[in-house]
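In the order they appear, the protein sequences are chains V and H. The numbering of the first sequence is the working numbering, which starts it at 1 and goes up by one. The numbering of the second sequence is the working numbering, which starts it at 1001 and goes up by one.
If you're looking for bench data, these hints aren't it; they were derived computationally from the structure. Beta carbons are placed, not taken as given, at the ideal position from N, Cα and C, and that holds for glycine. Treat the hints with care, as some may be off.
What the hints assert, rightly or not - Per label pair, the in silico range of CB-to-CB distance:
id, chain 1, residue 1, chain 2, residue 2, range
1, H, Ile1075, V, Ala144, 27 to 33 Å
2, V, Thr38, H, Thr1038, 39 to 45 Å
3, V, Arg281, H, Arg1140, 34 to 40 Å
4, H, Thr1077, V, Asp103, 44 to 50 Å
5, V, Asp103, H, Leu1272, 40 to 46 Å
6, H, Arg1140, V, Thr38, 36 to 42 Å
7, H, Pro1218, V, Glu149, 24 to 30 Å
Protein chains: 2
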Amino acid sequence: MTRTIKTDQKLMIYLDDWRARIDKTLEAYLPDTVAMPTRLHEAMRYSLFAGGKRIRPILAIAAFEAVNRETGEKIETALPVVAAIELIHTYSLVHDDLPAMDDDDYRRGRPTSHKRFGEAAAILAGDALLTAAFAMLSDRRLTAAIPAERLLSVIHELGRAAGSLGMVGGQFVDIESEGAVGSQTVSEETLRYVHAHKTGAMIRAAVRVGALLGGAVPEALSSLTIYGERLGLAFQVVDDILDLEGTESETGKRVGKDAAQQKLTYPIVMGLEASKQSAHRLMTESLEALTVFGPEADPLRAIARFIVERKS
Amino acid sequence: MTRTIKTDQKLMIYLDDWRARIDKTLEAYLPDTVAMPTRLHEAMRYSLFAGGKRIRPILAIAAFEAVNRETGEKIETALPVVAAIELIHTYSLVHDDLPAMDDDDYRRGRPTSHKRFGEAAAILAGDALLTAAFAMLSDRRLTAAIPAERLLSVIHELGRAAGSLGMVGGQFVDIESEGAVGSQTVSEETLRYVHAHKTGAMIRAAVRVGALLGGAVPEALSSLTIYGERLGLAFQVVDDILDLEGTESETGKRVGKDAAQQKLTYPIVMGLEASKQSAHRLMTESLEALTVFGPEADPLRAIARFIVERKS
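So here's chain V without its partners, still in its complex pose (with noise of 0.2 Å):
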């Protein structure tokens, strides 16, 4: 442990006033609970405004920030584009959450948006999350500081990782697999390609998104999707740890839920120490890819280190 105090608090600050930043340009975007539907709206922005932290967008702006120096965009002009990844993020979970799929009644310490809402809202309010996104990321209004080309490239992006090749393929593997896990050979292969899609796909992407933002050269932005890539498998190793060792009123929701549902996790799989080490090992591995950046890529590595280390 290299960190001081001092570092932790500097994270601290930057994740908060960041945060602030994404919320603020997401409310202003999103329809208010008065604009018809008003329930649907209120269901969008019932788990919009759920407490996230906001971490695939703060990494875009952190991977932003990383190639700034060379290319000296302004970051504010990429907040919109960020923050709608966030709206992706959040229909996700939302579908994830369903009776049909994870079946779950909690998260973030509230009842999850079909249990609040009913089964067809929640359905909706997901679906209109992930269109509200693409409109968000194609409103000239709030991006004409983008040239139109890079910000083509953004969506496909965010398209291909967020679909049946990225997340969205992550997850039907992970519900078919639900039940099956014991063959330890088809289990470890099932394993990797559920936590590189489900949860990777995306992380990548946020951080990817960030450098294309920030014009990064064809060598950086190499360097930050191997950051990204295996930052996203750490995630979610961890999110399975977590899960088994978490109490309920850290991590918000059922503790021990996935053992239960015999669903697919790296300490079910592999045992717990070998997921604790496997999770430092991608650690190291993305902090590696960062070698080729100073100072300006202390960002992207404070996270990357908060995120490994988290209890909830």
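With chain V's structure known, arrange chain H on it following the hints.
Chain H only, in chain V's frame:
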């Protein structure tokens, strides 16, 4: 009835020809069923290639043609963009059929997605189809010939029309109002909202997308917007009438289901005769919006008549 058999045949050839080209474009874009997760791609293709008429993409093509003589844009460049509209339409059908929504077992004479693949797979297939639409729209390998700013305006148009202020909003209010048919005043107002949003918004957007891609001048865009708006309303009124009058073999789904579910439909709220008059009035209004165009808008005229006079 001023139409001749020759006109009918010409329209059928036009619809069949474009349907085949749209299907080919979608076929080439969507991952095939050997791409992992294979069963997810199978589910996506099952619903996408279920014999749909591709009316929305063809409306976009016809709107493109209506402004094409002025602008000289090549129609082939528009094909991947208009095909993506069908991905959005298909996702909406898959989610509408879900048990928590309209709970339909059959569509186009085949089991619905959730009956065939299970509920989780149907939710995810819908999510992936919606996401694929935006990935396709922003894929520059397919759309290189379209100016980037124009493509962004198309993506934004579809994102708005498909979201909480458009199609999803209409579906939400439709579900909310189920079983609540009774108070005549409230019902008529709600009915108009549902129809304008659930079906109308995407038909209007399809026409506008074609016009935008064709580089329509503001006046032409306004006229085509009115055409699309009235036609979208007419489309749903006819759908409601067919649900009440059509035979199962013609519509491919259980007839009279709307009435049994106390769904908000034109015939239930306004009566059958008034509904038929309304459909024809809307068709007339849509045709009147085209008076500024010459024969280049003949396909749009023929499609409007086809939609209102169809039997399934």
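Results for each hint:
1. Ile1075(H) <-> Ala144(V): 27 to 33 Å: The hinted range 27 to 33 Å holds for isoleucine 1075(H) and alanine 144(V), with Cβ atoms some 30 Å apart.
2. Thr38(V) <-> Thr1038(H): 39 to 45 Å: 41 Å, holds
3. Arg281(V) <-> Arg1140(H): 34 to 40 Å: 37 Å, holds
4. Thr1077(H) <-> Asp103(V): 44 to 50 Å: The hinted range 44 to 50 Å holds for threonine 1077(H) and aspartate 103(V), with Cβ atoms some 46 Å apart.
5. Asp103(V) <-> Leu1272(H): 40 to 46 Å: For aspartate 103(V) and leucine 1272(H) the Cβ distance comes to about 43 Å; the hint holds.
6. Arg1140(H) <-> Thr38(V): 36 to 42 Å: 39 Å, holds
7. Pro1218(H) <-> Glu149(V): 24 to 30 Å: Since the Cβ atoms of proline 1218(H) and glutamate 149(V) sit about 25 Å apart, the hinted range of 24 to 30 Å holds.
Violated hints for the displayed structure: none, as all numbered hints are satisfied.
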